[in-house]
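Read top to bottom, the protein sequences are chains A and B.
No gaps in the numbering here: position 55 of the first sequence is 55 in our numbering, and each next residue is one more.
No gaps in the numbering here: position 102 of the second sequence is 102 in our numbering, and each next residue is one more.
Don't read these hints as lab results, they were simulated from the structure.
There's no promise every hint is true.
Said to hold, decoys possible - Computed Cβ-Cβ distance ranges for the label pairs, DEER-style: (1) B:THR105 - A:ARG16: 34 to 40 Å; (2) B:GLN290 - A:GLU28: 46 to 52 Å; (3) A:VAL13 - B:ALA459: 54 to 60 Å; (4) A:VAL13 - B:THR394: 52 to 58 Å; (5) A:GLU28 - B:GLY376: 46 to 52 Å.
What the hints assert, rightly or not - A short, non-exhaustive set of chain B residues, derived as facing chain A with CB atoms under 8 Å: (6) LEU298; (7) LEU330; (8) ARG331; (9) ASP343; (10) TRP349; (11) ALA350; (12) GLY352; (13) VAL355; (14) ALA359.
The beta carbon of each residue, even a glycine, is placed where N, CA and C say it ideally should be.
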Amino acid sequence: MADTQLLAERWRVNARAAGIDLPDTVVEGAVRAGTLEQIAALEALLRRLDAGFSMPHQLARPWDAEPSDA
Amino acid sequence: MPDFSILRRPLFEVAHLVERREVSPVELAELSLAAIDAANSVLNAFRCVLPERALAAARRAEAEIAGGSYRGALHGIPLAVKDLMDVAGETTPAGSVVLADRVATEDCDVVRRFDAAGAVIIGKTHLPEFAYHGSSINPHYGPVRNPWDLERDTGGSSSGTGSAVAAGLVYGATGSDTGGSIRNPSSQCGLAGIKPTFGRVSGRGAVTLGWSLDHMGPMTRTVRDAALMLEAMAGYDPGDPRTARKHVPSYADTLDAGVAGVRIALLEDDGASLPLATPAVVHGLAHAAQALADAGALVTPLRIPEVSELELVGVGLLRMEASATYEHFLREQPEALGAPARDRLYLGWAMGPEVPLLAGQARTVLRERFSARLDGFDLLLLPGMPYEAPPLATMPAGTRFLTPFNALGWPAMVTPSGLGERGLPTAVQIVGRPWAEALVFRAARAVEAAVGPLNAPFAIPQ
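Take the sequences, apply the hints, and build the full model.
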């Protein structure tokens, strides 16, 4: 539930920043319909897939596989 | 009192009659226009008809055929286009009022190709606003009724096309498919409908919903009719950089080549932790799998969890792309948008700023994993819609087997698998590797041969 509330608040902030007038009824409807939970599931999936993807911060460095000097 | 029965025959059969001059294209066009005039107040399938254009095209076809210049199977055949495709001189509201006054200055690429094939464009079919809904819901133009049961929905977004073709008002019509919008109404209306490989058919002159997900394709009453229509629609278009310079084979010529030795994966688990479909749809799926096996295909059950992951990613991409496309309407005149589309467009801002980048990367990862999962298989067999047509204008809850293939861009076709308990059509979906539409058609034809084309119990009012 807390996650859903955070997502709803982020939605309002994003919309306001974009100059979009987001009605509360739309947010409430999306919460009831489980749409925000679906978005949370998408973002969790993206994080999971990202762990196996060669993003710049996750590039496999050759020395990572070497035994530690210690 | 007109006899509309010839309108219910398959396109390919009537094409032979037209070629042999046993049937007049002008008479076919007049019959189709009369059928729409009689049935549209019941079905609400057409937003507009184009009698002048249609009759002019029909007269031209008749004269050409009489002069020995037969162009092919679509010559003189009445077809319709979804009302998000431009026809020169006509408006393209795309189910909205904010686009209602925009008059197209030229034909979209698909209509241009139909013209070149000598087809007769009869009219334009309804859709939900911007094609952004999986039902026929449209607050501006009203819902579209299903010829199988007038209290049932057609599914969307190619709702008017589904209704018009199933009712026998035209021989075939176009759909567009961004998250399942050809395959959903084809499933619910007992039709053959194919979303070809991304880049096979030009989207130039078609109103965009999701630029990387939109696919144009045909919806017809038989697999052969769909093959004939796609042949005419497909091809590289320098005006649409999404299209590919790929040879378009004659799908109809190889349709009866069979499926002996074809390796088909049968989806047994999509990773969603949900029942695959209703018992009737599962029964239809088993029937189709048996028909393919009987025809010599090697059918093997397979668990593919990437299907549900691709659905999540596909829906996310669709939300972001649609919101980016229509942001200006949402900002400047939200009150002019219907609630179903408007409320969905807001969702583009519900996701984090990193999602567009990560979703694009995830699509690449999942495409590779999906391809690897299907290593050793030629086709995938799975349900179309997981249930039969719901009550009119019902929000769909089941495009989970459709959207994944918009994200992938692979060709996917639905064809009827039988009738459920309520006497409504069920459907299976056949997915091929990129550009393998010919093999997809062959498998669909094998299923059709076992199931038989279905005929909606709708009588055009006299």
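Evaluation of the provided hints:
no., hint, result
1, B:THR105 - A:ARG16: 34 to 40 Å, "38 Å, holds"
2, B:GLN290 - A:GLU28: 46 to 52 Å, "48 Å, holds"
3, A:VAL13 - B:ALA459: 54 to 60 Å, "56 Å, holds"
4, A:VAL13 - B:THR394: 52 to 58 Å, "33 Å, violated"
5, A:GLU28 - B:GLY376: 46 to 52 Å, "48 Å, holds"
6, LEU298, "31 Å, violated"
7, LEU330, "6 Å, holds"
8, ARG331, "6 Å, holds"
9, ASP343, "5 Å, holds"
10, TRP349, "4 Å, holds"
11, ALA350, "4 Å, holds"
12, GLY352, "6 Å, holds"
13, VAL355, "6 Å, holds"
14, ALA359, "6 Å, holds"
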